[in-house]
Every structure is written in structure tokens, then in C-alpha cells.
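Enquirer: Sequences are here, hints too, so could you generate the full structure?
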Amino acid sequence: MNNLKNILWQAEFERKKNWLKAIKLLEEGKKKYPKVVDFYLLEASIYSNKKLYKKAIDNYQKADTIRPNDDTLYFKIANCYLSLGEFKIAIYYFDKISEFLPEAQYNKAIAYSRQGKRLKAIEILEKLIASSPVSNLPFFFLSEQYIATRKFGKAILLLNEAEKQFGKRKKIFFLRGLSYTYESNWLRAFIDFKGAEKLNYNSAHFFRLMGITCEKIGKTSEGIEYLLKSLRLEPFTITTYLDLINIFLLHDRIIEAYDTLEQAKKIGNMTASLTLIQKKISILMKMKYNYDHS
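Numbering of the sequence shown is given in my numbering, commencing with residue 264 and proceeding in unit increments.
By construction, these hints were calculated from the structure, which means they are not laboratory data. Heads up, the beta-carbon is just placed ideally off N, CA and C, and yes, glycines get one too. One or more of the hints may lead you astray.
[Stated by the list, open to error] Between beta-carbon pairs, the in silico distance windows are: (1) LYS295 with LEU420: 54 to 64 Å; (2) LYS313 with THR335: 16 to 26 Å; (3) GLU386 with SER346: 18 to 28 Å.
Expert: What follows is the structure, encoded as C-alpha cells:
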């Protein structure tokens, strides 16, 4: 027994310095003590941390033959399959868990969502939230599913409830603002996006949405600055160039639209949208300046 514990202790020690040596120790331990589940669990944990999920699954499944009907094992196997993108098998193992485990329910919803089965994901997440989870993550994930299925009102109500329970969070402001953009409630969207910005929400997509929202409420200069900020973060996003060009054209700033188009053309092949807007700019420049740049 002391030898068994010593092997496990050495393997646990070596995993931080030389994980391959730890694996070798555990393999030797399994040969000596093939029915000791701890060897399989520790080896699986090491492989999982190294993202070698198939090898982790092999060890977890061998552990399952020694210690069957273990919810913790099913959970770990399911998570490995989820990481491999094998969502159906992941769901199979999540369904084998007899106890109500909030994290397992959350991850099962992820698996359904990744399969495109958003309504099933929503059903699971609604039950999870009804169980009063201590984390705000199910609220965020469910609101994202509501938005994806065009249930914007539900998303807003859920995010309001999340704010009551967890306080002001930048993701709450962002997702609620996003919901309001889909409802064309631009002023409410602007207020929430500003709340997200104050809490340091920072992404090219966010700044693009902020730019569009500012333009919709008459803050054109501010909107342009946000779109430029978005492009500084992600300079290869053609849709943001198109947003910027359209704002310039809307305000008869044709030269700036032309300059932005030229920048967009440098980053890749001409898309159908760029070709179309180039023709529009060409016509406008010819009408206003008698200049043809085609």
C-alpha cells in the first residue's frame, strides 16, 4: 500500500515538472495495480490538461469499468467529448449523470447549441436558471440563445434580472444593448453600450455596433470615431469599412468615402458589396466633381 501511494505521490509531483515522466510512472503503477482507479484518474487528468482528450477518455472509460455509475466520471468524459467537438457523444454522457449538476447542465446546453439545436439549449438553460444558479454565466448564455432565436424581449427581461442578482456587469450592458439594436431602439442601445464602455468592454465588434448606434441617434462624429477604433483592432473586416463608407455617403462626404474604399481595397479581393459601392461612389463623384475613378 505504501508503494502504491508513493507512485501516486511521485506522479503528482512530476506532472508539474515532467508530465511524460508522470505518465510513465502511472503506466507502471497500472501494471502493478490494474484495479486501482486513482492511476487512471490521474493519468486522464494529465492528458486532459494537455488537451490530449482521446487519451484522457480512454483512461476515464477504464476507470468507469472499475468504478461504474460515477457521475463525476461521466461529467469528465462528457467534457472531453465536448472539447473534441463530438457533441452527440458528449450529450450521451451528460444524460447518464443522475444527480442535478449545474455545470453539467450548462455544458450540455453548450453541446446542443453547437449542434444548432438552440431551442433545446434554451429549454435546459431555463431550467438551470429556475434552480437559482450562483453564477451569472447561464444568464449570459441563455440571453445569447434568445438573441440568436430573435427573442429580444425575453433577452432584455433576463438581463434585467441578471443585473438585479449580480449587479452591473459589462456583458449585461453589451448584450442588452445588442438586443435593443435588433429592436431598433437606438437610444436605449446607446445607453447600455455606454454602460459597457465605462466598465471597459473592449472588442472590435462592440466598437462597430457602437459606431452604428451613434450614427442612428445623430452622433455622427462619435460614430465615425468608434468605427475607426474598430478598424484599428480588426483592420481586415470589410463590413466595418462598408459601414464607414455608408455613413460618409449619407452625409455627402464623398471624398472620405472614396478614401475609405481605397483602404478597403488594399486588404483583399473585391467583394460584391465593395464593387457595388465603388460604382455608387464613381457616379456620385462624376456628378459632383466631374471625376471618374473607375
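Enquirer: Do the Cβ positions of GLU386 and SER346 conform to the proposed distance bound of 18 to 28 Å?
Expert: For SER346 against GLU386, whose Cβ atoms are near 23 Å apart, the range 18 to 28 Å holds.
Enquirer: Is 16 to 26 Å a correct range for the gap between the Cβ atoms of LYS313 and THR335?
Expert: This hint holds: roughly 20 Å between Cβ atoms.
Enquirer: With 54 to 64 Å as the target window, see if LYS295 and LEU420 comply at their CB atoms.
Expert: The hint (54 to 64 Å, Cβ to Cβ) holds, given that LYS295 and LEU420 are roughly 59 Å apart.
Every hint, counting from the list given before, is met by this structure.
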